[in-house]
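Participant: Sequence:
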Amino acid sequence: PSDAQPRWSPDGRWLAFVRTESEAKPQLFVMAADGGEPRRLTEHPLGAGDPVWSPDSTRLAYICRVPEDGRYGTDEKITPDKEPPRRITTRKYRVDNVGFTIDRRPHLFVVDALAETCEPLQLTRGDYDHAEPAWSPDGRTLAFVAARHDERDTDLISDIFLVPAEGGDARQVTDTTQALTQPVFTPDGSTICYRAQSNTDIVGRNTQLFRIPADGSAAPQALSEAEPWDFDAYGSGSSHPLLVDDDSAVTLCQRRGGIELVRVPFDGGNPEVLAGGPRQVLAADRAKGGVMALLVATDTNAGELVARQHDGTETTLSDFGSGLARTTSLRPMTEIITAADDGYEVHGWVVKPAGNGPFPVVLSIHGGPFTQYGWTLSDEAQVYAGAGYAVVLGNPRGSSGYGEAHGRVIVADMGNRDHADLLALLDKALADEDLDADRVGVMGGSYGGYMTGWMLGHEHRFAAGIVERALTSFDSFTGSSDIGWFFSDSYAGPDPDRQRAQSPLTHADNIDVPVLVVHSEQDWRCPLEQGQRLYERLKRNGVETELLVFPGEGHELSRSGLPSHRVARFEAILDWWARHLQSAQ
Numbered sequence: 001p002s003d004a005q006p007r008w009s010p011d012g013r014w015l016a017f018v019r020t021e022s023e024a025k026p027q028l029f030v031m032a033a034d035g036g037e038p039r040r041l042t043e044h045p046l047g048a049g050d051p052v053w054s055p056d057s058t059r060l061a062y063i064c065r066v067p068e069d070g071r072y073g074t075d076e077k078i079t080p081d082k083e084p085p086r087r088i089t090t091r092k093y094r095v096d097n098v099g100f101t102i103d104r105r106p107h108l109f110v111v112d113a114l115a116e117t118c119e120p121l122q123l124t125r126g127d128y129d130h131a132e133p134a135w136s137p138d139g140r141t142l143a144f145v146a147a148r149h150d151e152r153d154t155d156l157i158s159d160i161f162l163v164p165a166e167g168g169d170a171r172q173v174t175d176t177t178q179a180l181t182q183p184v185f186t187p188d189g190s191t192i193c194y195r196a197q198s199n200t201d202i203v204g205r206n207t208q209l210f211r212i213p214a215d216g217s218a219a220p221q222a223l224s225e226a227e228p229w230d231f232d233a234y235g236s237g238s239s240h241p242l243l244v245d246d247d248s249a250v251t252l253c254q255r256r257g258g259i260e261l262v263r264v265p266f267d268g269g270n271p272e273v274l275a276g277g278p279r280q281v282l283a284a285d286r287a288k289g290g291v292m293a294l295l296v297a298t299d300t301n302a303g304e305l306v307a308r309q310h311d312g313t314e315t316t317l318s319d320f321g322s323g324l325a326r327t328t329s330l331r332p333m334t335e336i337i338t339a340a341d342d343g344y345e346v347h348g349w350v351v352k353p354a355g356n357g358p359f360p361v362v363l364s365i366h367g368g369p370f371t372q373y374g375w376t377l378s379d380e381a382q383v384y385a386g387a388g389y390a391v392v393l394g395n396p397r398g399s400s401g402y403g404e405a406h407g408r409v410i411v412a413d414m415g416n417r418d419h420a421d422l423l424a425l426l427d428k429a430l431a432d433e434d435l436d437a438d439r440v441g442v443m444g445g446s447y448g449g450y451m452t453g454w455m456l457g458h459e460h461r462f463a464a465g466i467v468e469r470a471l472t473s474f475d476s477f478t479g480s481s482d483i484g485w486f487f488s489d490s491y492a493g494p495d496p497d498r499q500r501a502q503s504p505l506t507h508a509d510n511i512d513v514p515v516l517v518v519h520s521e522q523d524w525r526c527p528l529e530q531g532q533r534l535y536e537r538l539k540r541n542g543v544e545t546e547l548l549v550f551p552g553e554g555h556e557l558s559r560s561g562l563p564s565h566r567v568a569r570f571e572a573i574l575d576w577w578a579r580h581l582q583s584a585q
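Going by this note's numbering, 470 is the number at position 470 of the sequence shown; the sequence numbering is gapless.
Source of the hints: derived by calculation from the structure; they are not laboratory data. Everything numeric in this text was worked out from a predicted model, so none of it was measured. Beta carbons: idealized from backbone N, C-alpha and C, even for Gly. No false leads were slipped in.
Simulated DEER-style distance windows between Cβ atoms:
1. Gly277 <-> Arg540: 45 to 55 Å
2. His149 <-> Asn97: 21 to 31 Å
3. Asp150 <-> Val98: 20 to 30 Å
4. Ala578 <-> Gly290: 52 to 62 Å
5. Asp247 <-> Arg40: 35 to 45 Å
6. Asp475 <-> Gln309: 50 to 60 Å
7. Trp8 <-> Glu116: 19 to 29 Å
8. Arg540 <-> Pro80: 30 to 40 Å
9. Glu314 <-> Glu68: 44 to 54 Å
Cut-off 27 Å, straight-line C-alpha distance, at most; resulting in silico cross-link-like pairs (DSS-like, lysine-lysine):
10. Lys82 <-> Lys92
11. Lys25 <-> Lys82
12. Lys77 <-> Lys25
13. Lys25 <-> Lys92
The task is simple: from the sequences and hints, build the whole structure.
Facilitator: So, in structure tokens, the structure goes:
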């Protein structure tokens, strides 16, 4: 079996977790803290997840998808290929790594975790998606996030609702003005804290902290300014802790490649960085005595457990990375800072192989675009550096961690300032004589694949490229992607001619170097047709190209795909660079 999402009960006596057994869906289990056989609590046809303990350690709230009758194996006589057709009338009807969603909405349940016979109670119903349950301190109420407003199919707004833990009608607390997430009650139950982007146009927007009276009697109050604090560490492997007491909240903030632990007071005072530096705090929790447990990553360590005392003293408790360090020559990140052609500061890193150069070079571009590379162990960079390639990483304009102006400058102008920033970083890196300017490749996935295709169509300095899970043309992406209905207009602007001008496929006839196109069959974020269109154009033009397609995988192949597929991907990438960058190692 595979176990995930462990949750200690507040009294420390029980451990709840999600277990996936062979050929089965994930279900909730509970076991005594001192050991013994786990006990299954749920038997949902599509599984269950996101367990949250009640304050008295007797019940678990959780989320599970409830299928329509006759679908997803609910009727043994109806196999998937014999299911009735789906009549779709909404724009939001599928999600990458999930599939169709309109016929299996996620709902909120509660189950008695200690009873001999478990009978889960369904608390929400209707044609809505429900997520992120949170108990009130008295255990009588659950908060959750949902979009139930009439315009929910045309925006990204969501609200916080409250529902009695014993069942009843849900009551809306917030005012349908924010894209919000993660409600958490204060200890006295009077207030709910949460994260949100305060504008309905969320592209390149920093995430703020807010609070609102639990009875909804007042409007939300921002606890932080949008600049410079960004309390969303999405894309950095973070677990998004939000630890709330009566006068402050502790959470994570991304900044210049780092992820900081930050305390935000409720009285309007300035946020205080509790743990920062050239590293990433990926998770945090707090004991009743106030000692904090952190998961901290660096450029040569994927994460160690650290105890942080009140006075800021830190003690590393684990040594998870020692085995990898003993068997692999991990290479550190060297920070580089330069200026683009308009004088704008650009920030990035170089990971160099061991030994003496000159080394062939790979410019690696992150996805998003509103995410960041940073101070954490990158399996990508380590694999390529271990094979003899110097890897250049950076956060061009459009990335997160540098403020909203940095993130939004590419809106309706993609391929301009981001392109210039990446070239500036590459030039800065190539000033090092250990890097061979005559053997440079470019690669990236998702938005990174977009920029790889774009740069290959506008530059002739690269020896080859690898375009992965990329957006290549906005016209078909708008209809084929699960996010196309808003992403294309939000990032490239609504004008079709401008979208066409910002599409890498429009400029693909300028590509004259070998290109490997990598995609997954079940990628619904950047669908397979995006890669196929580029591949066919290059083939038609007589450009050396190959299409590598992974069965059964979605957009997250490189991060959470089957281990065998992830290894096969690395092998294909290294083979491509060996053929076209002529690595000597």
